[in-house]
Every structure is written in structure tokens, then in C-alpha cells.
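J.: Sequence:
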Amino acid sequence: MGKPLPTVRPDHSAAKNGHGHGDGPTGIVQGDSLELIQAVPSESVHLILSDIPYGIGADHWDVLHRNTNSAYLGRSPAQRLAGAVFQRRRKPINGWSAADRRIPQEYGQWCASWASQWYRVLKPGASALVFAGRRLAHRCACALEDAGFCVKDNLAWLRDQAPHRAQRLSLIYQRRGQQQACAQWQGWRVGNLRPTYEPVLWFVKPYKVGGTIADNVLNHGVGAYCQDAFLNYINAPDNVLRVGLPTAEAGLHPTQKPLRLLEALIALTTCEGQLVLDPFAGSGSTLVAAQRLARRHLGFEAQAEYVAICKRRLGELGLSS
1 MGKPLPTVRP DHSAAKNGHG HGDGPTGIVQ GDSLELIQAV PSESVHLILS DIPYGIGADH
61 WDVLHRNTNS AYLGRSPAQR LAGAVFQRRR KPINGWSAAD RRIPQEYGQW CASWASQWYR
121 VLKPGASALV FAGRRLAHRC ACALEDAGFC VKDNLAWLRD QAPHRAQRLS LIYQRRGQQQ
181 ACAQWQGWRV GNLRPTYEPV LWFVKPYKVG GTIADNVLNH GVGAYCQDAF LNYINAPDNV
241 LRVGLPTAEA GLHPTQKPLR LLEALIALTT CEGQLVLDPF AGSGSTLVAA QRLARRHLGF
301 EAQAEYVAIC KRRLGELGLS S
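First residue of the sequence shown: 1, per our numbering; consecutive thereafter.
Calculated from the structure, these hints are not laboratory results. C-beta: ideal position from N, C-alpha, C; glycine also. One or more of the hints may lead you astray.
Straight-line C-alpha distance at most 25 Å; calculated SDA-like pairs for lysine to any residue [stated by the list, open to error]:
| # | residue 1 | residue 2 |
| --- | --- | --- |
| 1 | K152 | Y225 |
| 2 | K152 | K311 |
| 3 | K152 | F230 |
| 4 | K311 | E249 |
| 5 | K152 | E272 |
| 6 | K152 | L293 |
| 7 | K152 | A214 |
| 8 | K152 | N239 |
| 9 | K208 | E43 |
| 10 | K152 | R260 |
| 11 | K311 | L245 |
| 12 | K208 | L231 |
| 13 | K152 | W114 |
| 14 | K152 | L231 |
| 15 | K152 | P206 |
| 16 | K152 | A224 |
| 17 | K311 | E35 |
| 18 | K208 | P41 |
| 19 | K152 | I213 |
| 20 | K208 | W110 |
| 21 | K152 | Q180 |
| 22 | K208 | L293 |
| 23 | K208 | G148 |
| 24 | K152 | A166 |
| 25 | K152 | H138 |
| 26 | K152 | P199 |
| 27 | K311 | H138 |
| 28 | K208 | A224 |
| 29 | K152 | A141 |
Pairwise CB distance ranges, derived in the manner of DEER restraints [unchecked claim]:
| # | residue 1 | residue 2 | range |
| --- | --- | --- | --- |
| 30 | Q174 | D228 | 32 to 42 Å |
| 31 | N239 | Q184 | 34 to 44 Å |
| 32 | A99 | Y197 | 45 to 55 Å |
| 33 | K208 | L231 | 48 to 58 Å |
| 34 | S42 | R194 | 20 to 30 Å |
| 35 | G148 | D32 | 18 to 28 Å |
| 36 | G210 | P246 | 25 to 35 Å |
| 37 | A248 | Y197 | 48 to 58 Å |
| 38 | W96 | E43 | 20 to 30 Å |
| 39 | A224 | G148 | 39 to 49 Å |
| 40 | K152 | E43 | 13 to 23 Å |
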């Protein structure tokens, strides 16, 4: 079973609605999410909001497959010259081997390893909002759907800045001394278009048979969404979210998300005093956003360096960590 979860003083803001709990787990816990979540009581969580590993090799913790391709996470001489935009190679080179092609299936298996626990801890009608990479988001969606979740929507987060990692094909040929090919393939690139969009998958745990969403809200405090609160952060009740990451916030984690965006999603789906869980907490942005909105927060993070950052951020707000 998982490690004991931390507890703190009661949060009396929970008394403002009938479905928060003024006493319970809160804070950041270092350890394996798959183990720690087993200690979370069933149907105790009002929202899971998490920026899960995308399985695309953003760092060593983002390698979620058994492939030992020696080129993975490396950099070519040309990529090193390009600077920080090419920190690591995230795709195989020299063709896709059978092991390379198994990466999506293995990522789906990893998602399935925790999806049923997410389902167990959420209250009926509660949401799970998941930042997932464009390449493998469908595997995450299938895993959660197989665990019992319903897919509610697929939101689009539009970033105001994004690195463009598309190498010019003509330069590759030029370095090889293939001048005819260099001239022929001017304007062509190797890589992707600028990734200004990231999906946010919105799942809900089905509410009980024989009732309605309105009944579920009265019984469990979740199931509807608060459009008025959402509009404090987003200009329109749309599923396209245009929120930038302020420079003052950036630099804490390679996949960091804006506090304003996280606050918008928390305000959309929960009330004060309710419990927000982030099983892959990173530098703690979800927990900081939740506490700023008077929600209880619980996060799991395996990397000690990010746990320390999370504790510092919560401490700066004068909060329990």
C-alpha cells in the first residue's frame, strides 16, 4: 500500500458548501504516484487536474517505454549548434524499428496502470482534466475510457510561445555536399509545425444510475460547471483556452503550465473547500493554483528536486506543504 498521506488543520472554507471536507489530506508527497494513490480513500476527490508525462522523452522521467534505442534523448552536432531548442532528441532516427513502433502501445499500458485508481478515488460526476501530448493523447484517452470514464470534451490550450524544432532539409543536404538536392528541396523541413496547441482531455466519472446531473450535484457537489467563475479567467465559455505563461512564472519545470490556466480549470469544476488531486505534480503549479482558490490540494511527485520547488512555492504563499 501507499505511504501515509499528510494532514493539516481544517480548512473552514469547506463549510461554505455541503460537499467539501474541512479536514483531510493536503500537501505534496514525494514518491511513486501508482503507490501513493492507493492510500487515497475511494470517492473522496472532487477533481483530478494533472499535467501527466507525455511519453515523448522531455526528460528521463518522460521515457515510459522499454526501448533502448541509443539515439533516443541524444542530440546530433547540428542540433547542439541550434542551442536550447534542441535539448534532447525525442524521436528515433534511421528508421522506426519494431521497438520504436511499440512506444505508443507501451505508453497506453502505462496510462492503464493508474487509470482505474483515478476512477476509484473520484466522486461520482467528478472531472479528470489531463494535459496530454498531441502524439499520444489518444492512448491516454483510451486507457481512461477503458477504466470507466466518459470523455466529456477535448479542450485546446493555445500557448503564446512555442519552440519551432523543424530543421531545414536543404541545410542537411548542404552539409553532405549534395548541392543538387540542396537546391531541389529549398523550403522543406524535417520535424513538425510550431506546436502552439496542446490538448487538455476532459473526462468525467459517470454519476449513479437512476439520477440526474442535478441530483448528483446535490449529493456529491460535482457534475456541473461554473461558467461565471470560468469567465474570470477566460474571455468566453469556449473550449479553446488562450493563456500565456508569464515570464515571472517560467523556468521551474520543462513542461510548466500557467497558474491562470490551472485556476480557470479548477474554478470551472470545483467549489471552495473541495479536494484537488494532482498525481504528477511537477513543480506544484496545480497545488498552488488550488490553494489560491481556497481548495484543498494533494500532489504526488517522484523527483526530489521538483518536490523541493513545490514546497518553496507553497511556503512563499504562507501555505502548508
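J.: For this structure, which hints from the list above don't hold up?
T.: 2, 12, 20, 21, 22, 24, 27, 30, 32, 33, 34, 36, 37, 38 and 39
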